[in-house]
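Can you build the whole structure from these sequences, using the hints too?
Letter by letter, the chains look like this.
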Amino acid sequence: MARISNRIRRLRFDNNEMTQEELANRAGCTRQTIIALEQGKYVPSIELAFKIARSFGVTLEEVFQYETGS
Amino acid sequence: MAPLQKRALYSLAIGLIMAGVLAAVLVIKGDVTAFFEDENMRYILYAVLIGVPLVYLVLVNITLRKPTQIDERDKAIIEKSGKAQWVAIVLSLAVWNIALTEVYWEQRQVPVDFLTLIFVSVLIISPLAQSFGILTGYWRIGKNG
Chain P
1 MARISNRIRR LRFDNNEMTQ EELANRAGCT RQTIIALEQG KYVPSIELAF KIARSFGVTL
61 EEVFQYETGS
Chain H
1 MAPLQKRALY SLAIGLIMAG VLAAVLVIKG DVTAFFEDEN MRYILYAVLI GVPLVYLVLV
61 NITLRKPTQI DERDKAIIEK SGKAQWVAIV LSLAVWNIAL TEVYWEQRQV PVDFLTLIFV
121 SVLIISPLAQ SFGILTGYWR IGKNG
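Protein chains in written order, with the working numbering: chain P, 1 to 70; chain H, 1 to 145.
It is possible that some hints are incorrect.
Stated by the list, open to error - Okay, the calculated beta carbon distance ranges per label pair:
(1) L59(H) / F13(P): 34 to 40 Å
(2) V52(H) / F13(P): 46 to 52 Å
(3) Y10(H) / F50(P): 30 to 36 Å
(4) E72(H) / S5(P): 15 to 21 Å
(5) R140(H) / E67(P): 19 to 25 Å
(6) I14(H) / G28(P): 28 to 34 Å
Stated by the list, open to error - Pairs of lysine-lysine, DSS-like flavour, derived with a Cα cap of 30 Å:
(7) K51(P) / K29(H)
(8) K75(H) / K51(P)
(9) K83(H) / K6(H)
(10) K6(H) / K51(P)
(11) K41(P) / K6(H)
(12) K80(H) / K41(P)
(13) K83(H) / K41(P)
(14) K80(H) / K6(H)
(15) K29(H) / K41(P)
(16) K75(H) / K6(H)
(17) K51(P) / K41(P)
Keep in mind that the hints were calculated from the coordinates and are not lab data. The beta carbon of each residue, even a glycine, is placed where N, CA and C say it ideally should be.
Encoded structure:
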């Protein structure tokens, strides 16, 4: 079964421990959505995914990974 | 708790209180016809009928315009809550239909007061069901992802 995972928590830590609130403001979403993303409980739209990646100054695939199970 | 989730919770509580107050007033007045014979009560009800949808519309628009209050995840939940709203309205109309048909079968006519009462019930049930749909939407996201 396919799954989309992310490295948001790791990237926040690597970016001077950016807060969830700060990332939410930069990406234009609520803090609760960042929490849901980090917990793997929500898959964002392409637009939000790009905004999050740009907030960290990295490419989309450095944040989100598409994993296909065997 | 997300801002929209909080609002849905408040809305559910206020809606339940409103429904309770309306039911209490009808019980105190004795029956539906007696309630509508009171001119003041009728005018208050007309004001509520026009005022509630307008206030609801303005509040929803204000909420939807704030990007920090609501985002794509919340909007997806709002869209899905429409299903709960639709089911609740259809069910309530079905209950009205069956109840009035059974009660007034012999007379072959239903008092006109019920038209307003049906509208008021839909007016209360609609935001209640939407709030319920929003709250279950957040619960489902939290549970299943």
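How the hints compare with the structure:
In this structure the hint that L59(H) and F13(P) lie 34 to 40 Å apart at CB holds, the actual value being about 39 Å. Range check, V52(H) to F13(P): Cβ separation about 48 Å, and the 46 to 52 Å hint holds. One distance hint, 30 to 36 Å for the beta-carbon pair Y10(H) and F50(P), holds here, with the actual separation near 34 Å. About 19 Å separates the C-beta atoms of E72(H) and S5(P), a value consistent with the hinted range of 15 to 21 Å.
A C-beta distance of roughly 23 Å is found between R140(H) and E67(P), which places it inside the suggested range of 19 to 25 Å. Taken as a hint, the range 28 to 34 Å holds for the pair I14(H) and G28(P), whose Cβ atoms sit roughly 30 Å apart. As the CA atoms of K51(P) and K29(H) are separated by approximately 58 Å, the hinted pair breaks the 30 Å bound. Between the alpha carbons of K75(H) and K51(P) the distance comes to roughly 18 Å, so the proposed pair stays at or under 30 Å and holds.
For the hint linking K83(H) to K6(H), the alpha-carbon distance of about 20 Å falls within 30 Å, and the restraint holds. Of the pairs offered as hints, the one joining K6(H) and K51(P) holds, with about 26 Å between alpha carbons and a cut-off of 30 Å not exceeded. In summary, the hint linking K41(P) to K6(H) is supported, as the alpha carbons are separated by about 19 Å, within the 30 Å threshold. Using a Cα cut-off of 30 Å, the hinted pair K80(H) and K41(P) holds, with the two alpha carbons roughly 17 Å apart.
Of the supplied pair hints, the one linking K83(H) and K41(P) holds, its CA atoms being roughly 22 Å apart against a limit of 30 Å. Pair hint K80(H) plus K6(H) holds up; C-alpha atoms about 17 Å apart against a cutoff of 30 Å. For a cut-off of 30 Å, the pair hint linking K29(H) to K41(P) is broken: about 50 Å separates their Cα positions. Of the supplied pair hints, the one linking K75(H) and K6(H) holds, its CA atoms being roughly 15 Å apart against a limit of 30 Å.
Restraint check for K51(P) and K41(P): satisfied, since their Cα atoms lie roughly 18 Å apart, inside the 30 Å limit.
The earlier numbered hints that this structure contradicts are 7 and 15.
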